[in-house]
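**Q** Chains Z and W, in that order, give the protein sequences. Mapping of the first sequence onto this note's numbering: residues 1 to 537, in sequence order. Mapping of the second sequence onto this note's numbering: residues 1 to 755, in sequence order.
Read the hints as simulated data drawn from the structure, not as lab findings. Don't take each hint at face value.
[To be verified] Computed footprint of chain W on chain Z, listed as stretches where at least three residues anywhere in the stretch have a Cβ under 8 Å from a Cβ of chain W:
| id | segment |
| --- | --- |
| 1 | 71 to 80 |
| 2 | 145 to 153 |
| 3 | 298 to 309 |
[Stated by the list, open to error] Not close to chain Z: a few residues of chain W, all C-beta gaps over 10 Å, as computed:
| id | residue |
| --- | --- |
| 4 | THR17 |
| 5 | GLY109 |
| 6 | GLU240 |
| 7 | ILE402 |
| 8 | ALA482 |
| 9 | HIS563 |
| 10 | TRP673 |
| 11 | PRO735 |
Glycine included, every Cβ here is placed at the ideal spot set by N, Cα and C.
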Amino acid sequence: MVAPRQPPLLALVDELLAEQGQLQTPVVRAAEAYDRAQRGQFNSKTHADLIPLTKPGPGEQYAFQVDLDSCTGCKACVVACHSLNGLDDEEAWRDVGFVVGGSRAAPYQQTVTTACHHCADPGCLNGCPVLAYEKDPVTGIVRHLDDQCIGCQYCILKCPYDVPKYNDRLGIVRKCDMCQQRLGAGEAPACAQACPTHAIKIIKVELHVSVGGALRPDTSKFLPSAPDPSYTQPTTHYITKRPTPVDVRSADAAVLRPQPPHWPLVALLMLMPMAVGCGVADKILDLRTSALAVCGWVAGATGLALAGLHLGQPLRAWRVFLGLRKSWFSREAVVFGLWFPLASAYVAVRLGWLPLAGQLRSGLAVGTACLGVLGLFCSVMIYADTHRVFWRVANTAPRFFGTAVILGLAGALTAPGAPLALGYLLAGATILKLAFETKALAALAEEDDGMSPPARQTALLLTGPLRPANELRVFAALLGGILLPFMVSSGTAPLWVAWPALAFALLGELAERYLFFRAVDAPKMPGQPDPGRGGHA
Amino acid sequence: MPSLLEQLLLARTGPMTSELVQHPGDFGLGKVPSRLAPAGTAKAICGFCSTGCSLQIHLNAAGEAINLTPDPDYPVNLGMACPKGWEALTPLAAPDRATSPLLRDSKGGLRPVDWPRALAEFSGRFKSVQALHGPGAVAVLSTGQIVVEEMALLGALAKFGMGIADIDSNTRQCMATSHVAYKQSYGFDAPPFTYADFEESDVLVFVGANPCIAHPIMWQRVMRNRRNPAIIVVDPRRTETAMAATLHLPARPKTDLTLLYGLARELIKRGAVDPTFIAEHTTGFAEFASFVDTFTPEHVARETGLSMADILHTAELIARPGARVSYWWTMGVNQSHQATRTAQALINLSLMAGQIGQPGTGANSITGQCNAMGSRLFGNATSLIGGYDYANAAHREHVGQILGIDPSLIPQQASRAYDRILDAVDAGEIRALWIIATNTAHSWINSGKFAQLRDKLDFLVVQDMYATTETARQADLVLPAAGWGEKDGVFINSERRLGVARKVARAPGQALSDFAIFKLVAEAWGCSPMFARWSSPAAAFGVLKDLSRGQPCDFSGIRDYDHIEASGGIQWPFSEEMAERLKAEKLKEAGSALQSFSPSAFFESRLFADGKFFTSDHRAKFLFDPPVPLPEPVDAAYPFLLNTGRGSSAQWHTGSRTDKSAVLRKLAPNLPWIELNPSDAAPLGAVTGDRMLIRSRRGSTTALAVVTPIVQPGQVFMPMHFAEVNVLTFPAYDPHSRQPAYKACAVAVSLAPNL
């Protein structure tokens with residue numbers, strides 16, 4: 001018997017498929033690899049003019065220098081950073097944007113490559129609650145400790161240059177470390193060695209002692225259209241021999257970039273003020289029932305629990321006290337951490353589970369309330385400390401404390417035996433807060449010079465992409481904060497209407513806090529005009 | 001050592017920190033991520049553009065590519081690559097790779113079938129179309145993206161094996177003009193330069209070229225120029241290259257021809273011509289000189305919108321005695337309605353000053369695709385395979401003999417051009433198309449027309465890496481192809497350098513290299529004996545060597561792939577005599593110890609140093625025509641002139657590969673954008689970030705407004721990488737090269753109404 005032969009076409013298909021699947025292994029290529037190895041190790045000589053010959057001395061640090069005249073927008077630096085650092089799919093620690101300006105006769109458009117500026121006074125480092133950032137005492141490199149990071153992302157809010165990036169897979173942020181491993185071996189950082197025109201170099205910059213005694217770089221060589229360097233003292237030098245037009249601005253300056261809502265934080269910053277407000281109201285009104293105290297405790301407990309969802313690495317969060325010396329985030333966490341047992345004890349007392357009376361009882365109430373107010377103050381400072389315009393103390397404090405007042409009153413109004421006049425107070429407080437919030441739209445009245453300052457960005461966001469949320473906020477406040485409470489107090493509505501009033505007041509404050517996060521103008525380095533890449537997430 | 005408490009409080013090490021630890025470089029590499037430490041490396045020429053960078057591919061122990069870095073030892077890229085090169089491996093792993101042949105079923109969906117079934121459909125349906133409507137009723141649209149062995153086998157198979165008359169490729173969209181311009185002027189499609197000329201020039205004139213983002217590695221060479229060169233950029237936009245230039249000439253769109261004729265007149269007026277060179281090596285100068293006499297600076301200034309001062313200053317720079325002047329052009333010239341004459345206006349400038357064949361000189365075409373040069377020589381479309389002439393009986397005889405086929409099988413005329421092939425589809429003359437590695441539905445000018453043509457085709461086969469391209473989605477049969485990195489073969493770059501691409505990754509599923517697919521087609525068609533010599537890409541390369549022997553592009557002195565790789569690529573011409581001569585010289589230098597020979601890594605060669613051209617009289621020709629107005633000028637209804645082109649260095653053509661890389665997608669907006677001058681945006685009420693509605697007489701689309709002074713008032717620019725853009729473009733063609741004029745059509749722009 002002869003085995004049946006495959007028709008030639010079938011045989012050829014099989015043969016070619018088998019051939020397609022064959023790869024030469026490195027062993028087969030060994031001779032070639034050997035040749036290359038013989039040719040010498042990595043030729044770091046070609047990097048000699050990209051990195052300093054010696055380490056920084058006292059009063060010096062390493063810095064990136066970008067020659068704008070050589071940066072022509074090829075963006076190889078971004079992809080080299082991604083590939084040579086083995087980063088995740090779309091992760092890169094360098095980015096390229098551009099700035100525009102000039103006149104019709106002399107149009108100006110310049111690409112700008114940007115990575116971490118290894119600031120002298122790093123916002124990320126100062127804000128980190130767990131000391132996951134270190135500034136190398138010799139090189140000045142601002143390094144992130146990946147296994148220390150709890151994924152709170154506060155550094156992202158603190159950095160005015162949008163440098164730290166959150167990594168979903170790991171639940172932490174990661175950032176540029178100036179390829180310190182490479183620098184240590186005499187190699188240039190990935191971006192510098194990949195730049196076809198050698199536009200990126202590592203230089204040593206001198207630091208001078210400032211009035212306050214801190215070491216400060218010369219920020220006059222920082223990029224003109226970038227966020228104000230006085231905040232974090234970035235060290236990158238952008239050099240150019242070409243005249244820079246006075247009207248130069250980021251290409252994406254006018255692009256509206258709604259920021260991430262951070263829902264757990266929205267919940268925390270609505271519920272904690274409510275908890276504090278209810279606690280204070282309970283103390284002041286000295287109600288017969290414990291309902292208001294319980295209501296406040298439930299709000300606080302829920303808020304704190306939900307806030308945990310914000311962390312990428314909650315199991316590491318026990319270290320949060322480490323940053324107390326500098327970080328408002330640490331301070332808030334510690335204060336609310338103390339508040340909670342006190343508040344729990346107070347509720348237990350109010351429920352009669354814990355026998356405590358007289359001055360001790362009153363002291364516990366006052367102490368809890370004071371700690372709560374202190375915690376709210378820390379909350380305000382967390383945002384104020386980011387130097388973002390919309391989050392300044394003068395804007396944040398009235399909002400957070402206003403929420404405490406409104407939700408405290410709205411909660412109290414539902415309590416059995418509460419004075420009906422509270423409804424008038426609530427209506428008044430809501431009117432004041434709404435009036436205050438409309439100030440955010442004032443920037444629209446100013447003339448548009450195309451530079452899109454932060455206040456204008458916020459106003460445009462509130463009236464543009466965030467308009468539905470803003471309308472919801474106003475509607476809910478009008479209903480739950482003004483109309484219904486007024487009706488309850490004036491007797492035109494039954495008492496139970498205090499409950500829908502509370503619900504709408506909550507909804508209104510929720511929407512306001514959501515807008516607080518989304519409508520902030522987040523400073524960043526010049527980018528591309530792509531609205532699809534607005535946030536820093 | 002930190003104390004236990006310190007360790008507990010501050011986790012300096014751990015699994016996440018370890019992820020980013022680097023491994024000291026082996027194989028001549030610098031530090032690499034430890035997770036991706038290679039077991040070995042291989043080299044491959046990049047498969048995107050024609051720069052022809054060498055990439056060092058990092059391999060694991062199984063020989064699979066895991067990462068790459070640019071090759072530090074290659075004379076083209078000197079250890080650098082653009083973002084596409086760095087990300088060359090990523091598109092191979094895309095989830096939408098075609099992994100088996102797909103056949104459209106009776107319900108209209110594409111269903112997987114096995115190769116024998118696909119091949120039976122392929123030959124059965126093409127043959128029945130040919131039986132009904134004649135052999136010419138089947139045509140092929142090919143590519144500049146596959147290796148030269150593959151394009152040669154395709155050309156031979158289609159024309160000699162399958163009796164197909166018309167095969168053209170997407171090089172029609174990018175390089176047809178350069179091909180025709182050189183062929184007419186020099187007698188052969190022969191870009192004369194070498195990349196070292198970027199470094200050796202005193203004056204570099206870039207016309208319609210934006211190498212900063214389109215060819216960043218060529219720009220690297222410009223930046224290495226230590227002669228303090230004048231860099232003149234002629235471009236209606238203030239591009240990245242224009243920003244980096246010492247002089248930007250923002251001539252009105254398509255007035256470059258007028259400008260170049262004006263400059264020629266100035267050279268003559270200033271006596272900055274080389275009468276000896278003109279007399280000994282050219283024809284037609286006297287006619288040219290009298291023709292350009294009317295292109296006075298006043299006239300040129302009026303037509304181009306440039307200042308007299310800039311025009312005269314430019315003339316002064318290029319006329320400076322002793323200065324080495326080089327002219328460089330790419331798509332801004334090639335994609336216009338008088339493209340060939342514009343390219344030749346540059347050629348004329350270099351000829352009249354004798355600025356050719358010497359370091360830092362030449363009229364130099366920067367090529368587009370990685371193997372457009374290979375396609376121009378071996379595509380078997382306009383020229384008979386190997387750069388021969390279909391109409392020449394001796395050529396047919398010669399080619400027939402080398403290929404071992406009956407010369408009577410070789411057609412006596414060239415293929416029709418891309419646009420004419422589509423016209424023939426429209427006319428019902430061509431009934432079936434085989435499209436290979438190109439995305440016609442996206443990239444062809446006035447793309448709305450192609451959409452209508454689909455219904456006129458009885459059978460459409462698309463052979464591609466992805467079944468998801470705009471064209472593949474319309475196919476009746478999709479053949480899954482292996483991509484760059486999954487096969488071996490040769491690319492020829494802009495400076496005529498042959499380089500080798502290597503197989504470093506497995507193709508997914510049933511995907512096969514284009515070479516293997518062509519062999520299967522030959523087998524299924526019944527003509528495989530004709531291609532017995534083409535057993536493998538390496539064997540096919542031997543056939544190509546034989547075809548090149550005695551031609552201007554002679555590379556018969558190349559031994560094999562390893563020879564090319566060891567030499568850092570080899571530029572044609574490299575004949576057997578040249579190889580012998582060089583070998584003898586080297587042996588004399590090095591003594592008998594030298595066992596094997598390869599040209600030095602920085603071996604550079606230029607053409608025409610001897611002033612001998614490839615025309616029958618060995619003289620170059622001055623060719624010219626009067627400028628004619630734009631095919632579709634702006635008017636009240638369509639008041640803006642739309643220019644299209646490269647959006648960023650991270651985007652390639654229709655994005656079928658570059659869109660597959662997340663990191664490349666980060667480097668440009670992910671939706672079409674339109675650049676508008678502030679003075680045009682203001683009356684429209686548009687600011688950057690707004691959605692604009694763009695209408696032409698052919699269609700309409702929306703795009704993101706980018707308000708920037710780099711475009712002039714009245715002009716707008718859109719990147720070509722989005723399918724929407726060619727809905728707008730106007731189907732005008734250069735009369736000589738039949739290349740589409742993508743760079744100018746009339747559009748109307750307004751704020752898009754809210755949804």
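**Q** Taking the hints in turn, state whether each one holds.
**A** How the hints compare with the structure:
no.	hint	in the structure
1	71 to 80	holds (count 8)
2	145 to 153	holds (count 5)
3	298 to 309	violated (count 0)
4	THR17	violated (5 Å)
5	GLY109	holds (24 Å)
6	GLU240	violated (5 Å)
7	ILE402	holds (25 Å)
8	ALA482	violated (6 Å)
9	HIS563	holds (13 Å)
10	TRP673	violated (7 Å)
11	PRO735	holds (34 Å)
When the structure is compared with the earlier hints, violations turn up for hints 3, 4, 6, 8 and 10 and for no others.
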